[in-house]
Amino acid sequence: MDRWRRITAQQRTLPDDEVPVVLAREGSHGPVVHAMNAEAAQRDVLVGARVVDVQAIHPDLHVEQADTAGDTALLDRLALWARRWCPWTVRDGLDGIALDVSGAAHLFGGEAQMLRDIGTRFKMQGLSTRLAIAPTRGAAQMLARFGGGGVICEAEDVEVALAPLPVAALRIEEDTVRLLQRLGLKTVGRLMEVPRVALMRRFDRLAAEVNPLVLLDRALGRAGDPLNAPEDAQRWMARVRLAEPVIDPVPHLEGLAADLCRQMAKAELGARRLRLTIYRVDGEWRSRDVALASASRDVAHLVRLMGGKLEGIDPGFGFDLLTLEALRVEPLALHQDPLDGRRDAGRDVAALLDRLTAKLGPEKVTWSAWVQSHKPERMEQRVPALVADGQDAPVLLRERPLRLLEPPEEIAVLYAVPEGPPARFRWRRVSYLTTRHEGPERIAPEWWRDRPGTRLRDYYKVEVRDGRRFWLFRQGILGDGRGGDPGWFVQGVFA
Amino acid sequence: MSPDSPLGTGPALGKVVSLSAKPLVQDVPAPDAGDAVLRDVLAGAPFDAGGTGFVLSCLPDSAAPVLWVSDRMSRRENGRLYGPAVRQFGFKGHVLQVEVSHPRDVLWAMEEGAACGGLSAVVGEIHGAPEVLSFTATKRLALRSEQAGVPVWLIRSGDHGALSAARERWRVSSLPSDVHPWNAAAPGAPVWEAELFRARGRAPGTWEARHEPATAGGKDHLRLLSRSGDGPLAQDHGAAAHFAGR
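Residue numbers (numbering that gives the first Met the number 0), protein chains in the order written: chain A, 0 to 494; chain B, 0 to 245.
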């Protein structure tokens with residue numbers, strides 16, 4: 000919800016705080032409520048309720064689409080960011096982060112101080128938190144989600160703290176919750192009181208992750224529950240410190256690139272994005288980015304790409320620190336050139352794409368992508384060559400011109416005939432006499448894409464006297480109620 | 000193009016070809032696609048796409064991509080290359096399009112491409128005769144192309160034959176097309192007049208050029224027929240010698 004507020008606030012005005020807002024995700028029977036704001040929570044909207052039902056009860060409800068994949072990605076990043084407090088952090092479920100703070104709290108002046116620090120820092124990012132510290136991970140997540148905010152629970156009173164929580168806090172499946180409630184075991188405390196043997200027999204079929212007894216043991220510290228933290232992302236970076244400030248970065252490029260390539264070669268990786276940063280003596284820094292079509296750790300290639308980008312970089316009064324960083328890396332195995340002396344054509348083309356894109360810009364170097372459309376100008380789209388690969392052209396049923404004018408150019412009809420294309424027309428100040436023609440081929444507007452009122456087009460292939468072949472169309476027909484007299488345009492030239 | 004489409008029929012339909020014991024009409028070898036040299040193609044008339052079709056028909060039959068570079072003026076004047084139609088001329092690979100605004104960048108990108116052995120060909124389009132397209136620039140292109148073994152084509156529209164170091168210089172313009180097999184009022188398969196007015200290692204001449212789509216078991220190819228149809232081509236002396244034949 001906080002993420003939605005932050006992203007939306009950049010693009011448009013947020014709804015008032017008095018308006019109940021819910022984020023919806025797809026459920027098995029239409030959209031269901033995924034998250035809500037404070038106002039909606041006050042009106043007793045439940046997570047998992049169907050949006051249509053909630054709308055019936057609260058007609059002023061404001062519904063937005065939830066982005067669960069984006070939320071997960073953000074949490075993954077936040078988990079790494081949270082390593083400022085302790086080295087072991089991991090995303091916990093779909094809406095939490097678990098931190099193993101044992102031995103780290105004293106660095107922040109005690110546990111209470113640390114919780115306050117965590118809360119403030121998340122608030123600075125516009126995110127609200129519910130925090131709890133407990134001796135076990137299970138207990139901490141139960142207290143954070145179902146207990147009051149900011150609970151600090153010591154080892155001796157775990158059982159007391161967990162006892163009043165509902166059994167759903169154990170994060171067991173809905174069926175199990177219902178079964179336990181039917182048995183009268185509504186709180187964790189009641190569950191702890193029941194003799195284990197009877198419950199064991201009932202739940203021995205359940206997997207450990209959803210078994211209430213196993214989860215309870217983990218929360219109480221009777222079973223181990225280690226935290227498996229992902230490794231820190233490694234930064235691939237080479238740097239040069241200079242004794243005296245210099246103006247020209249070019250002589251240092253090769254050493255930097257060689258150093259970076261050596262590091263990446265050890266891990267069998269190649270760079271896809273590079274960034275060169277210079278740190279100037281006046282405290283400013285400047286950087287240049289380069290993207291590559293395929294992973295590479297070829298020193299000469301990287302130096303050549305970077306060298307072309309350094310023209311506009313402003314060194315000020317000189318700089319004394321240079322870093323070359325690989326922002327994105329991909330696996331790249333060692334490669335052997337063929338022994339017959341031929342070169343790998345695919346790698347040659349990828350290197351060419353890098354050079355062209357680095358100099359001309361990504362949108363200038365493109366492959367064709369094909370869209371299912373009848374409109375000739377809409378059928379072919381350009382995709383940057385670094386992003387995607389070329390696609391095979393579709394097989395056409397009708398002949399199409401080899402060159403297309405964008406946009407189509409209007410022609411003046413000098414001598415019209417009732418059926419067919421004009422017998423004489425003027426285009427770009429030259430008049431042409433039609434000798435042969437083929438058509439019409441009618442292409443109707445695509446109502447699902449075009450604006451209402453778009454007129455249909457009747458295409459003709461027209462050959463003029465000296466042999467040039469044009470693709471003309473008449474936009475609209477007389478009396479179609481979408482404007483006045485139909486106009487004539489030339490859209491393409493046949494070979 | 001599929002063989003059953005209206006344009007997939009033979010080239011000589013509706014044409015009178017006199018056949019004697021010794022055939023008078025001879026096939027001239029089309030430009031050797033694998034031969035890596037720089038070739039110029041000039042347009043005979045403005046907005047004529049015949050040169051583009053001619054170049055596409057001459058591209059080598061390979062799955063490697065073709066680098067197609069064009070400047071802003073040629074895109075505005077002649078329109079941009081329309082991808083779906085490229086297949087009609089037998090080219091099966093992908094086209095890597097580079098669209099820049101200035102001819103200087105076109106020449107730079109072409110030089111980069113001509114040095115890259117992974118491409119099957121490089122095609123550049125420049126409109127008019129800008130200053131950067133000098134004899135030196137074309138010479139550099141020609142040398143690059145011969146070194147790396149990549150054929151390079153330069154389509155020059157709106158240019159009346161400025162100086163160039165190209166190994167072959169063609170001027171291509173459209174001729175009235177063949178008779179449509181089913182519809183006499185419709186234009187048929189394209190026919191171009193291809194004039195080789197400057198060449199190294201072969202005699203210049205003027206021919207009628209057609210792209211012939213693949214028949215069963217064959218390949219797409221470009222067929223050049225003597226324009227006059229009356230004599231061996233070795234004595235062909237270009238457009239001037241064919242006044243009577245036209």
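Because the hints were derived from the structure by calculation, they are not lab data.
Heads up, some of the hints might be wrong.
Distance condition first, Cα-Cα at most 27 angstroms in a straight line; then the derived BS3-like pairs of lysine-lysine [as the list claims (entries may be wrong)]: (1) Lys363/A - Lys138/B; (2) Lys308/A - Lys358/A; (3) Lys363/A - Lys374/A; (4) Lys374/A - Lys91/B; (5) Lys91/B - Lys363/A; (6) Lys138/B - Lys374/A; (7) Lys308/A - Lys363/A.
It should be emphasised that the depicted structure is a prediction, and the values quoted were computed from it without experimental measurement.
We went through each hint and held it up to the structure:
Under the criterion of a C-alpha separation no larger than 27 angstroms, the hint pairing Lys363/A with Lys138/B is consistent with the structure, at around 26 angstroms. About 7 angstroms separates the Cα atoms of Lys308/A and Lys358/A, which keeps this hinted pair within 27 angstroms; it holds. For a cut-off of 27 angstroms, the pair hint linking Lys363/A to Lys374/A stands: about 23 angstroms separates their Cα positions. Under the criterion of a C-alpha separation no larger than 27 angstroms, the hint pairing Lys374/A with Lys91/B is consistent with the structure, at around 23 angstroms.
A hinted pair counts as satisfied when its Cα atoms are at most 27 angstroms apart, and Lys91/B with Lys363/A qualifies at roughly 23 angstroms. For the proposed pair Lys138/B and Lys374/A, the alpha carbon gap of about 42 angstroms is over 27 angstroms, so the pair is violated. At most 27 angstroms may separate the alpha-carbon atoms for a hinted pair to count; Lys308/A and Lys363/A meet this at roughly 16 angstroms.
Violated hint for the displayed structure: number 6, the only one.
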